[in-house]
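Chemist: Just so you know, the protein sequences line up as chains A and B, in that order.
Residue 1 is where the first sequence starts when you use the working numbering, and the numbers rise one by one after that.
Residue 1 is where the second sequence starts when you use the working numbering, and the numbers rise one by one after that.
Since the hints were derived computationally from the structure, they do not count as laboratory data.
Please note that the accuracy of each hint is not assured.
No more than 16 Å apart at the CA atoms, straight line, and that leaves these computed lysine to aspartate or glutamate pairs for EDC-like [stated by the list, open to error]:
hint: 1; chain 1: B; residue 1: 32; chain 2: B; residue 2: 365
hint: 2; chain 1: A; residue 1: 66; chain 2: A; residue 2: 53
hint: 3; chain 1: B; residue 1: 126; chain 2: A; residue 2: 50
hint: 4; chain 1: B; residue 1: 73; chain 2: B; residue 2: 62
hint: 5; chain 1: B; residue 1: 126; chain 2: A; residue 2: 62
hint: 6; chain 1: A; residue 1: 13; chain 2: A; residue 2: 72
hint: 7; chain 1: B; residue 1: 300; chain 2: B; residue 2: 396
hint: 8; chain 1: B; residue 1: 334; chain 2: B; residue 2: 299
hint: 9; chain 1: A; residue 1: 82; chain 2: A; residue 2: 9
hint: 10; chain 1: A; residue 1: 44; chain 2: B; residue 2: 71
hint: 11; chain 1: A; residue 1: 66; chain 2: A; residue 2: 28
hint: 12; chain 1: B; residue 1: 325; chain 2: B; residue 2: 382
hint: 13; chain 1: B; residue 1: 126; chain 2: A; residue 2: 46
hint: 14; chain 1: B; residue 1: 32; chain 2: B; residue 2: 299
hint: 15; chain 1: A; residue 1: 44; chain 2: A; residue 2: 62
hint: 16; chain 1: B; residue 1: 325; chain 2: B; residue 2: 290
hint: 17; chain 1: A; residue 1: 66; chain 2: A; residue 2: 34
hint: 18; chain 1: B; residue 1: 230; chain 2: B; residue 2: 378
hint: 19; chain 1: B; residue 1: 73; chain 2: A; residue 2: 46
hint: 20; chain 1: B; residue 1: 73; chain 2: A; residue 2: 36
hint: 21; chain 1: B; residue 1: 223; chain 2: B; residue 2: 375
hint: 22; chain 1: B; residue 1: 334; chain 2: B; residue 2: 392
hint: 23; chain 1: B; residue 1: 73; chain 2: A; residue 2: 20
hint: 24; chain 1: B; residue 1: 73; chain 2: A; residue 2: 34
hint: 25; chain 1: A; residue 1: 82; chain 2: A; residue 2: 62
hint: 26; chain 1: B; residue 1: 325; chain 2: B; residue 2: 280
hint: 27; chain 1: B; residue 1: 73; chain 2: A; residue 2: 50
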Amino acid sequence: MSAPLSEPEIEAKVIEAIADQLGVAKADITRTSEFDSICDSLDKAELMMEFEDLFEISITDDSATKLRTVADAIEFIQRTLKNA
Amino acid sequence: MRTVTYRRVVVTGIGAVSNLGCSAAKTWEAMKAGRSGITPLRTFPQNEDWTVRFAGEIHDFDPSHVVDGREQKRIDRVALFAMVAAHEAVQDSGLDLKNAPDPYRNGTIIGSGIGGVLTMEEGHLKLLQTGPRRVSPFVVPRLMVNAAPGNVSIQFNLRGPSTAVASACASSGHAMGMAMQTIQRGDCDVMVAGGSEAAITPLTLSAFASMKALSTRNDDPTKASRPFDKDRDGFVLSEGSAIVVLEELEHARRRGARIYAELVGYGATGDAYHIAAPDEQGSGAFKAMEFALRDAQLDKSAVGYINAHGTSTPLGDKAEVGAVKRLFGDHAYKLAMSSTKSMTGHALGAAGGIETIPTLMSIYEGVLAPTINLETPDEGFDLNFVPNVPQEAKVDVALNNTFGFGGHNVSLVFKRLS
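Next up, chain A with everything else stripped away, as it sits in the complex (with noise of 0.2 Å):
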C-alpha cells in the first residue's frame, strides 16, 4: 500500500482541483479561501464530487455543508484518509 498523502499534498491537489474547476490562477485560491465567495452553490456541488473522485473518499451533504473555507476541505479530507 502506498504511503498516505501529506497535508501539502493534499492542499496541493485541492488547490489544483478549485483553480482547474473555477477556471482561475492557482495563486487565487488560498487556504483561506471561503467557497461562498469563490464559487457559486452549483460549483461547490461539483467541486465535492471531484475531492470524492480525486481521494476515493466519500462527502456526505451534512459533511458538505460544514465545510467553509478550503482549509475545511483539507483537514476533513486528511481526517477521512487517516481514518480509512
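Got chain A; can you put chain B on it based on the hints?
Modeler: Below, chain B alone, put in the same frame as chain A:
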C-alpha cells in the same frame, strides 16, 4: 383587418453563428457565393451502422470573446451559440443594453427545437456509468430549453419578458413573431429574439435517420441538401443560431439607428394533421402566409421574395410550393423563392433565425441568395427558385417561412422602411 393601431417594429441588429461562418456577415457572404456548409461528420465516431455520416456542423466555434472558460463549462453549446449571436446582434445595433436606463423595457425570446440535448446525453451516460451521485449539478441549467434566453438576459441585463419557444423547426419564427408583438403592444422597446440549436448528437442524428427524414447522400455531402430538386432525398441536420435586435421604430429613429427593415407581419397556424408529416396540401402553410400578410396589411402582389422553409424533403417542399402557388396565383411567377437550407442544411429551431439574414438582405442589399444544387426542378416546380447563383432584385416585401414537426407553421413579413 385589424382596427387597433400598434407601434411599429424594426430590425436594427443581426448576429449569427452558422456552418457558413461565425457571424452574420460571413454567413451572408457565403450564401451569396453559393457555398455549402455541409461536411462529413467530425464530432463523434461512426461506423457503417450509421446510415447518415455527414451534417452541417460548425467547426470553428469559439465563444471565448463572449463567455470566459469557467462560464463555458456551465453552458451548453446551444446557449453559447445564442450568446455569441446575441453579442454580435446587440453590438451591430449600437445599443448599450447593459446600461439601459430602464432594463424592464428590454426583453428576449429565443426558440430552440430541442435545447441542450448534448448535455442530456452526456448526463445520462454519466448516470448509467457512475450512478446518481456523480450527475453534475450543471445538467439542468445546461439542458433546459430556456437556457439560451436565460443566459442572454443575464448577458445584457434584460429584465423585461424572457422566455423560450419550442415549436421544433418553427421555433425561431414564433420567437421573432412574439417578440414583435411584445414591442407592438407597448410592453417593451427592444427585444433580442431568434433561435438556437446544437443537436448534432448521436441520439438526435440516429433518431432523425430512423424517421427517414434525412438525406443519405454520404458520398457527396455538399450536394445532399437540394431543395426543390427532383433528386432530393431528405434534409441535412445542421446547427447554429441567429439573433436579431427588434426595436420600436421611434426608439430606433431617435438614436439614428441603422434599420435593416421593418417587421410588419406574423402569421402562425397548426396543421392539426400529423405529428411529423406535413399536411400534403400545405393548407397550414398557406394560411400562415395569408395571415402574416393580413397582419402586415399588405396585398399578396407586394411580395418580392420568399425565403422558403424548403428543407429538401420530398413531401415538405411539395406542400410549400403548392401552398405558394395557390396563395399567390399568377404573382407566384413574378416573385422569387429560394431555400438557403441548400447551403446551411437544416438547423431546426435556429433555421428561421438564420434565414432571417437572407430575407432581410433581399430588401436591404437587393440580392437574393440562391438555392444551390438545384439541377432539375421537380415536376410542377416552375417558380423562380433563384437556382444556383444569386440574383439582384429590388425587393420591398419579403416573407420568411418556417414550419415544424408538430404541424407548426410560421410566416413573417419584412418590409422596406417607408
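Chemist: For each hint, tell me whether it holds in the structure or not.
Modeler: So, going through the hints one by one against the coordinates:
{"no.": "1", "hint": "B:32 <-> B:365", "verdict": "holds, 11 Å"}
{"no.": "2", "hint": "A:66 <-> A:53", "verdict": "violated, 19 Å"}
{"no.": "3", "hint": "B:126 <-> A:50", "verdict": "holds, 14 Å"}
{"no.": "4", "hint": "B:73 <-> B:62", "verdict": "holds, 13 Å"}
{"no.": "5", "hint": "B:126 <-> A:62", "verdict": "violated, 24 Å"}
{"no.": "6", "hint": "A:13 <-> A:72", "verdict": "holds, 14 Å"}
{"no.": "7", "hint": "B:300 <-> B:396", "verdict": "holds, 12 Å"}
{"no.": "8", "hint": "B:334 <-> B:299", "verdict": "holds, 14 Å"}
{"no.": "9", "hint": "A:82 <-> A:9", "verdict": "holds, 14 Å"}
{"no.": "10", "hint": "A:44 <-> B:71", "verdict": "holds, 14 Å"}
{"no.": "11", "hint": "A:66 <-> A:28", "verdict": "violated, 22 Å"}
{"no.": "12", "hint": "B:325 <-> B:382", "verdict": "holds, 10 Å"}
{"no.": "13", "hint": "B:126 <-> A:46", "verdict": "holds, 13 Å"}
{"no.": "14", "hint": "B:32 <-> B:299", "verdict": "violated, 29 Å"}
{"no.": "15", "hint": "A:44 <-> A:62", "verdict": "holds, 13 Å"}
{"no.": "16", "hint": "B:325 <-> B:290", "verdict": "holds, 12 Å"}
{"no.": "17", "hint": "A:66 <-> A:34", "verdict": "holds, 12 Å"}
{"no.": "18", "hint": "B:230 <-> B:378", "verdict": "holds, 4 Å"}
{"no.": "19", "hint": "B:73 <-> A:46", "verdict": "holds, 12 Å"}
{"no.": "20", "hint": "B:73 <-> A:36", "verdict": "violated, 19 Å"}
{"no.": "21", "hint": "B:223 <-> B:375", "verdict": "holds, 10 Å"}
{"no.": "22", "hint": "B:334 <-> B:392", "verdict": "holds, 14 Å"}
{"no.": "23", "hint": "B:73 <-> A:20", "verdict": "holds, 11 Å"}
{"no.": "24", "hint": "B:73 <-> A:34", "verdict": "violated, 21 Å"}
{"no.": "25", "hint": "A:82 <-> A:62", "verdict": "violated, 20 Å"}
{"no.": "26", "hint": "B:325 <-> B:280", "verdict": "holds, 14 Å"}
{"no.": "27", "hint": "B:73 <-> A:50", "verdict": "holds, 15 Å"}
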